[in-house]
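> Chain by chain, the residues:
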Amino acid sequence: MVASVTSFGRNGLSDWIIQRFTAVVLAAYTVFILGYLIYNPELTYEQWSGLFACTAMRIFSLLALLCIGAHAWVGLWTVSTDYMRSTAVRLSFQAFFGVVLFAYVVWGIQILWG
Amino acid sequence: MAGLRTLNYDAIVIGGGGSGMRAALQLTESGVKTACITKVFPTRSHTVSAQGGITCAIASADPNDDWRWHMYDTVKGSDYIGDQDAIEYMCSVGPQAVFELDHMGLPFSRTEEGRIYQRPFGGQSKGPDNPTQAARTCAAADRTGHALLHALYQGNLKGGTTFLNEWYAVDLVKNQKGAVVGVIAICIETGETVYIKAKATVMATGGAGRIYESTTNALINTGDGMGMALRAGFHGQDMEMWQFHPTGIYGAGTLVTEGCRGEGGYLINSEGERFMERYAPNAKDLAGRDVVARSMVMEILEGRGCGPKKDHVLLKLDHLGEETLNLRLPGICELSKTFAHVDPVKAPVPVVPTCHYMMGGIPTNIGGEAIMQDSNGNDQIIEGLYACGEAACVSVHGANRLGGNSLLDLVVFGRAAGLQIEKSIREGLVHDEASESDVEQALSRVNRLNSSTSGESTVAVKEDLQRTMQLYFGVFREGESMQKGLKMLEEIGERLKNVHLEDKSQAFNTARIEALELDNLYEVAVATAVSAEGRKESRGAHARNDFTERDDENWLKHSIFNPVTKELTKRDVNFAPKTVEAFPPKVRSY
Amino acid sequence: MLVSIYRYNPEKDQVPYMEDIEVEIPEGRDLMVLDVLHLVKAKDSSVAYRRSCREGVCGSDGLNMNGKNGLACITPLSDVVKKGKLVIRPLPGLPVIRDLVVDMSMFYKQYEKIKPFLINDTPAPAIERLQTPEEREKLDGLYECILCACCSTACPSFWWNPDKFVGPSGLLQAYRFLADSRDTATQERLADLDDPFSVFRCRGIMNCVNVCPKGLNPTRAIGHIRGMLLQRST
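Chains as they are written, first to last, in my numbering: chain A, 43 to 156; chain B, 578 to 1167; chain C, 504 to 737.
If we strip away everything but chain A, and leave its shape as in the complex, we get (with noise of 0.2 Å):
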């Protein structure tokens, strides 16, 4: 058994269930956006804050940048402690992303709701 403290889960298998459960959403969030775009091709500003202002919209959008927070940072994890050999180096690494997550977490919901 290997400790690790940053992990996102605390143990490979959530971590293992989030980042799939994320990639099932982004790819979900993403499809709907895209097909949105390919349906409407004469897109006026009306209707895209239209359909951001709808409840249901709002949670998708939520959701799927939640998603990305967290998919975001088990990758990242991973990343860091295959290649990142210094400690120091390695908890920099992650300590800023970590912010940095954070920071468009709080931001895309601002966007949303504010």
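Simulated from the structure, these hints should not be mistaken for laboratory data.
Quick reminder that beta carbons are idealized off the backbone N, C-alpha and C, glycines included.
It cannot be assumed that every hint is accurate.
[Said to hold, decoys possible] If the Cβ cut is set under 10 Å, some of the chain C residues that face chain A in the computed set are:
{"hint": "1", "residue": "659"}
{"hint": "2", "residue": "660"}
{"hint": "3", "residue": "696"}
{"hint": "4", "residue": "699"}
{"hint": "5", "residue": "700"}
{"hint": "6", "residue": "702"}
{"hint": "7", "residue": "706"}
{"hint": "8", "residue": "733"}
{"hint": "9", "residue": "735"}
[To be verified] Below 25 Å or equal to it, Euclidean Cα-Cα: the simulated DSS-like pairs (lysine-lysine) are:
{"hint": "10", "chain 1": "C", "residue 1": "544", "chain 2": "B", "residue 2": "1074"}
{"hint": "11", "chain 1": "B", "residue 1": "1143", "chain 2": "B", "residue 2": "1113"}
{"hint": "12", "chain 1": "B", "residue 1": "1074", "chain 2": "C", "residue 2": "546"}
On the provided structure of chain A, position chains B and C as indicated by the hints.
Just chains B and C now, kept in the frame of chain A:
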């Protein structure tokens, strides 16, 4: 000796194969401070190559099976010079040892009832009065040795055995009273030479098939234990008895299990004839290995060999069908494709009798205690020295080993040696310390090599040794040619004294190890040659053109080779099993 | 034929180097790479490599030959030699002791970590523990592992985290015991594997499957372990 590091154990086991690990496990579990010294990582030992199985009357294939029938087969197979008390012990304790292996995790193949799968092997019957072919060999597909060796290593990991992996034992250290008090060993990785002190030293070093040019044996089978014992002045028993396995792959020498014939395969000559029907009308291809190997050579000598040189025969398996071959003999299919470029599903495999097993070895009693004959011909126990497995001669195989009996020998006598040492240590086994000169003596070989400045290379001497043994001491032997062979060995012995180690570096110097191994090959070769020349009869694997008959009057005996005088004496065969009547010698036919 | 061999003797060399040696290959025979090494050693006895059974069952001579891991004794020249040249290097990713000999302790440690032995706390019966042929069949493709390390040393995840990631070989063995009907420690074994490194560093690259000289499939075994972990936690 100055600066020589000393390690201290109660018991050391030299060799990390089947018997060594079984002994080490027994000792570790009973709390004896033990180290297992092995020149290769344990799972690289030659036990891994055993294929067909482990013969034992566990009454799975036949619920009425009886260990006494197995005992009878083994006695008969040995051509009556197997010690019957030892054979009785092996066959009766066997089932317990096999069940222990299952409990340890060995993945045996299974029957529909969930029991261990048993297949027919050569020389198996249902007792003296019933020559019906029995199926008594417990198998894990055709990888039984691999499965067994790994299970034993795993058992040792679980038990917490101390391993000195990739350490090479050089020579025994004897004290002034002649007791063995440990060994000089080299840590191969660092090159450090160390004195490993022990109250009990177990030789579990396996065979020495590499004395021959063509052998099924691994490159590491250089008879290190036998060599060390002979150099220390101890005796070798039945050293003329070398098993030639009927089915080594032609050209490569790799083994094809007897289980192929057990599953229904058979041998054919250039005329497509199943010739074993002529030599052994009843058992046919499942006669004793010595009988089959000789029959094959007869076919070849009489011009019915296969191939452009007419120098091999064929093992037919294709009629068994792809499904059976893949289920029961998957490893054979793989080996055959790799080394013979033949797919057994489609075509027969070219095979030739190949040196396989050393029936002789360091004489021991049932508890693995090494024995030496004194000047009056009485058995004396050598203090501190034990042996088990192929390196030992208990003797359960006599003049010819039955297939599947070597794996049983390993576990039964590895375990027995462990039990005996535990008992001896509990009773207060102590020896005098070795003096500085005793240790120096054991160091002399390494010292000579390390200071050699010129001379011959190991490779050249080794090749000549192997060729000589192959030519003059093979399947068929003859007095005159053996005399010639002995002379050539003498010359090789002179050259050996002059072998030069060019590379003196310390870290993982395999050249040094190979040079040290060559000495052991030579010791075993000489013991084999002298014993073969001396036994003036034909028995089991020892077949002479000038003495074609078995001579029970003079030679119902073990041969004992004395390395000091280079002479051969005789030792009585045990005919006194404890719980059954002895099987008297009979004409051996299959 | 030109054979280029990785050489390093810690007592003499500051850094490893490749040495080119011309070897006479006997006509008409397809030698194995190990045979070629013997020919090389006959010329220069200082070349160090491990070998034992010379028939592909002991796992001693795992090497990197023209870029691919495999066992020297069962790799014919016709399979590996490109443009008349054979490049032999030690298994990648492990410390080199000398020439082609690597220090395998990291590899063995991972093997030991998965408790590679049967655990069964129920009293042993007087005979063997029964197992149906179907239950036994589950061990096929698992127990045949020879611990040659060809797979683990071909695995990038093992290169990066040899101390934390069990590696394909060890995981194949972990599943061998999880799949054994005679073993009762399934829950403990799974609990020991449930961290982010031991199993989950497998990224399904499948180099292990590609190089295994015994034709085994560690990736599939790892998939089975993941499945068992999932089943246990949901």
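> Quick one, is the residue 700/C hint okay against chain A at 10 Å, beta carbons?
Holds - the Cβ of residue 700/C comes within 10 Å of chain A, reaching about 4 Å at its closest.
> The hint names residue 733/C as touching chain A; please verify it with the least Cβ-Cβ distance against 10 Å.
holds, 7 Å
> Have a go at the residue 706/C hint: is there a Cβ in chain A nearer than 10 Å to its own Cβ?
Since the shortest Cβ distance to chain A is 9 Å, the answer is holds.
> Within a Cα-Cα threshold of 25 Å, do residue 544/C and residue 1074/B meet the stated pairing?
holds, 21 Å
> Hint validation: residue 659/C versus chain A, beta carbon distance must be below 10 Å. Holds or violated?
With a closest approach of 8 Å, the residue 659/C hint holds.
> Under 10 Å, Cβ to Cβ, is where residue 735/C needs to be relative to chain A, so tell me if that hint holds or is violated.
holds, 9 Å
> Would the pair residue 1143/B and residue 1113/B pass a check requiring their Cα atoms to be no farther apart than 25 Å?
holds, 17 Å
> Grab the minimum C-beta distance from residue 702/C to chain A and call the hint holds if it beats 10 Å, violated otherwise.
holds, 6 Å
> Holds or violated: residue 660/C as interface residue toward chain A, Cβ cutoff 10 Å?
holds, 7 Å
> Let me know if the C-beta of residue 696/C comes in closer than 10 Å to any C-beta of chain A, holds or violated.
Holds, about 8 Å.
> Have a go at the residue 699/C hint: is there a Cβ in chain A nearer than 10 Å to its own Cβ?
Constraint on residue 699/C satisfied, holds at 4 Å.
> Does the alpha-carbon distance linking residue 1074/B and residue 546/C stay inside the 25 Å limit?
Judged against 25 Å, a Cα distance of about 21 Å means the pair holds.
The earlier numbered hints are all upheld by this structure, with none contradicted.
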